[in-house]
Amino acid sequence: MTYTHDIVIVGGGGAGLRAAIAVVEANPQLSVAIISKVYPMRSHTVSAEGGAAAVIRAEDSLDEHAYDTISGGDWLCDQDAVEAFVDEAPKEMLRLENWGCPWSREPDGRVAVRPFGGMKRIRTWFAADKTGFHLLHTLFQTSLKYEEIARYDEWFVTKLLVEDGRVRGVVAIELSSGRIETITAKAVILCTGGCGRVFPFTTNANIKTGDGMALAYRAGAPLKDMEFVQYHPTGLPFTGILITEAARAEGGWLLNKDGYRYLQDYDLGTPQPGPVLRSMELGPRDRLSQAFVKEMEKGRTIDTPYGQVVHLDLRHLGAKLINTKLPMVRELCLDYEKIDPVKDLVPVRPVVHYMMGGVSTDIHGATPLDGLYAAGEVACVSINGANRLGSNSLPELLVFGARAGRAAAEFAAAQPDDGGDWSGILTQAEDERRRLERDLRGREGGGERVSTIRTEMQAAMEQGAGIYRSADSMAKCADALQELRERLPGVSIDDHTTTFNTELIAALELGLMLDVAESIVHSARLREESRGAHQRTDFPERDDVRYLAHSLIHRSADGSPRVEYPPVTITRWPPGVRVYGR
Amino acid sequence: MARSITMQVARYRPDREAEPTMQSYDVPLRKDWAILDGLNHIKDELDGTLSYRWSCRMGICGSCGMTVNGEPKLTCATFLTDYAPGPVRVEPLRNFPVVRDLVVDIGDFMAKLSVVQPWIIRKDEETPDGEYLQTPAELEDYKQFSMCINCMLCYSACPIYGLNEHFLGPAAIALAQRYNLDSRDQGSADRMDALSASTGVWDCTYVGECSTACPKNVDPAGAIQRYKLTAATETLKSFLMPRGGR
Amino acid sequence: MSDTTATSHVGNQPRPYRRRVPILWWVRRRSYLLFVAREVSSVFVAWFVVFLLLLVRAVLSGEDAYRRFLDWTANPFVLALNVVALLFVLLHAVTWFNLAPQAMVVKVRGRRLPPVLIAAAHFGAWAVVSAVVAWIVLG
Chain A
0 MTYTHDIVIV GGGGAGLRAA IAVVEANPQL SVAIISKVYP MRSHTVSAEG
50 GAAAVIRAED SLDEHAYDTI SGGDWLCDQD AVEAFVDEAP KEMLRLENWG
100 CPWSREPDGR VAVRPFGGMK RIRTWFAADK TGFHLLHTLF QTSLKYEEIA
150 RYDEWFVTKL LVEDGRVRGV VAIELSSGRI ETITAKAVIL CTGGCGRVFP
200 FTTNANIKTG DGMALAYRAG APLKDMEFVQ YHPTGLPFTG ILITEAARAE
250 GGWLLNKDGY RYLQDYDLGT PQPGPVLRSM ELGPRDRLSQ AFVKEMEKGR
300 TIDTPYGQVV HLDLRHLGAK LINTKLPMVR ELCLDYEKID PVKDLVPVRP
350 VVHYMMGGVS TDIHGATPLD GLYAAGEVAC VSINGANRLG SNSLPELLVF
400 GARAGRAAAE FAAAQPDDGG DWSGILTQAE DERRRLERDL RGREGGGERV
450 STIRTEMQAA MEQGAGIYRS ADSMAKCADA LQELRERLPG VSIDDHTTTF
500 NTELIAALEL GLMLDVAESI VHSARLREES RGAHQRTDFP ERDDVRYLAH
550 SLIHRSADGS PRVEYPPVTI TRWPPGVRVY GR
Chain B
0 MARSITMQVA RYRPDREAEP TMQSYDVPLR KDWAILDGLN HIKDELDGTL
50 SYRWSCRMGI CGSCGMTVNG EPKLTCATFL TDYAPGPVRV EPLRNFPVVR
100 DLVVDIGDFM AKLSVVQPWI IRKDEETPDG EYLQTPAELE DYKQFSMCIN
150 CMLCYSACPI YGLNEHFLGP AAIALAQRYN LDSRDQGSAD RMDALSASTG
200 VWDCTYVGEC STACPKNVDP AGAIQRYKLT AATETLKSFL MPRGGR
Chain C
0 MSDTTATSHV GNQPRPYRRR VPILWWVRRR SYLLFVAREV SSVFVAWFVV
50 FLLLLVRAVL SGEDAYRRFL DWTANPFVLA LNVVALLFVL LHAVTWFNLA
100 PQAMVVKVRG RRLPPVLIAA AHFGAWAVVS AVVAWIVLG
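Protein chains in written order, with numbering that gives the first Met the number 0: chain A, 0 to 581; chain B, 0 to 245; chain C, 0 to 138.
So here's chain A without its partners, still in its complex pose:
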């Protein structure tokens, strides 16, 4: 059976829900559907903690938000995109307020704001430290108001259907029944989020396997700036659970094994008792994570069963502030580490957190492939450049989710309602169904487990494409990935049933992740400079002559990658030196 919609949105997180609402508001005549591999309220947006940046205070300005974002991104951001972003972020955030998001408030009833890393002004809106949770649930609950939005909950998209250079729909599996269906559409919006799970130690949820990136890449849409992987400086060891940047914004300190605020040794300013904007613990994430590695090399970190850590000290903030502004930090520490940040030091280490790169889009969320749109972490517009600032990702998914929704609505409305020739599409869909059924029923047991390949891939990525990289480390990583790719067809699937077959899904996700991992390493090898989150020990300097440009990686017909370097769009802020703490 085939389902038909005008617009199909893949992913039901913040970006996907915002896009769906934008489609209905732009054109209620259109049929729009969200296909998500989890129920929308399970999406990873739920895990965002600290806040969402948008200019709201009189003493702040759009230009300052733009400058913080661009310098934070080490001048790899497209400045036209950033200008659109900072301009629309406050409007989007206010809409969310109007929709009921429980933002924390000032005594007079206005929305409260807090400081955040890399931001020169106080402009981060927050809902205690469960901002993403409240944002997602508000969007999801509001989306229920729109009966026009159809949902395919717990459906896994395995392929984008493309013919004559235009996206015409998807093939997806319904998890609960195992049925494989074709869902046609005039436009498809990818909102599947990031790919942190290609690394072993990540804040990302289990579902963050880069599905949308790989689907787009396979369909012929290029990925942009994939080498830029953000490490968040403060993850809990073992679990990788994020301790929000808000913990430092509220005044937390990072200490080495001697109890010394080591960031002062890395050109990030001089320590003050209270938080200082764009300084010390409120520096950008790339610089803080890199400082950790240097500190580790000096032997000044703390050794634990789960690797080297430093300490996040919140004790001086007191129970009252922690309970009101950082309740989740305390909850997570108590539940998962059995420590109380009111009394104890919190062990933390850098952890893979966010993908700056993604499916290349213009400022309307459109990819170079006709009918294909992307928004949120899966996309690279790019406003994040070489390093995203904390609290820019939530407004990004709102602004560009809405933009992609509107643009896709306009595109879909302009397409004829043709019965047309669907035979090519249906053939493709049939091939895909056969592939899936072969995987489901045909695979023999006794081979390697999905988890074996996945674990090796993750280890290779951490060793080869971590916080610091070199030609050597990346060559080894690329070889390892190549070998894993060859072993992939031999992976066994013991589960041949149709009902909620999570082993099949895991195998499909692994294939997608390998594509993403290869694109990361390939892009990283070719960028012979250090910029933002991409730090090469063999090329330690930024090189604006050769690389003030995006890496645009395409998949050639034979499967091999091809990289182009379109220039960065500069409007008003010429490349400069990133200065923090001075």
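If you are wondering where the hints come from, they were derived from the structure by calculation, not from laboratory data. For glycine and all other residues, C-beta sits at the position ideal for the given N, C-alpha and C.
Straight-line C-alpha distance at most 30 angstroms; calculated DSS-like pairs for lysine-lysine:
| hint | chain 1 | residue 1 | chain 2 | residue 2 |
| --- | --- | --- | --- | --- |
| 1 | A | K256 | B | K30 |
| 2 | A | K144 | B | K142 |
| 3 | B | K142 | C | K106 |
Computed footprint of chain C on chain B, listed as stretches where at least three residues anywhere in the stretch have a Cβ under 8 angstroms from a Cβ of chain C:
| hint | stretch |
| --- | --- |
| 4 | 94-102 |
| 5 | 153-165 |
| 6 | 197-206 |
| 7 | 217-226 |
Restraint ranges, calculated between C-beta atoms of paired labels, are given here:
| hint | chain 1 | residue 1 | chain 2 | residue 2 | range |
| --- | --- | --- | --- | --- | --- |
| 8 | B | D81 | A | E146 | 42 to 50 angstroms |
| 9 | B | D128 | C | W24 | 52 to 60 angstroms |
| 10 | B | D31 | A | R437 | 33 to 41 angstroms |
| 11 | B | D46 | A | D266 | 46 to 54 angstroms |
| 12 | B | D46 | A | Q462 | 24 to 32 angstroms |
| 13 | B | D46 | C | L86 | 49 to 57 angstroms |
| 14 | C | N74 | B | Q7 | 49 to 57 angstroms |
Got chain A; can you put chains B and C on it based on the hints?
Below, chains B and C without anything else, positioned relative to chain A:
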């Protein structure tokens, strides 16, 4: 301390079994391991055919609710060592149809969500120019009820829901109250029909287990009792003042 | 090609397993037992109403009838029944008052009164009313 623990896990594969069976696995007993880590160990190392839901493993996505030794729990926040020396029994959430192994069908709840209209309802047509002002005290009035992660532990703990699946249930009613009590909302009259219906708050006879089971201290039982008082008052008002009593 | 629109709630599960609720589900947990006991208490509340009506009828029918009624209440079986009924009604009352703070949010100068206080007020009021009734009846 013993180095391993036995996990007895409920299996149900509708393609081949008429009803669930239990299967035992030995997993390492590590200090930091949650029940979920044990299940992941089984899936990755011992038996790839085991199915269950999980995602954030930080207690916020609400996916991994299961019945652990008879109690509804988030398995990412429930630790193996608390059940040593074992065995520890892991079953799907109660009161829901079991789809497969540890996966239950929550479609019924998803449908009920829309019934309580969980969105801001305004009687004024125009959208405001800026934000609606809301003081911290006004935020506090509904904040607790906004913390629900839809993990379904409360439905699993509620015997009323177990006996009568038409009951709206704890999380849905708490969510309705979350909006009713929000100073920005004007839709409590619109939600009244669903909440005061025979399948609404009056089905609840205050067992209180929903609030005990809730991992986020939402207190759905409290939300329901508060609404009973509201509904009773409103009914009385409309009886005494038939016109414009609301 | 069909033109169907799907909604997520259209399941296609082959055979979801529905677990039957065991008959003795309510003995598994103290709170369940308490809940069932409170439900059962309604029978005894009803009994008290019937008892009261019988009493009123006896009083109206004259001194003889009233005396016969009193004799009947002294019957060990009726006495036992009333003791049990009293226990159930007490259970009902206590759980009801414990529930009060859950249902009532009272604010004094913008601050929410602690739940204990609300429960205490209810129990206090109950005690006062009981004392007054006792004074009228016994005094």
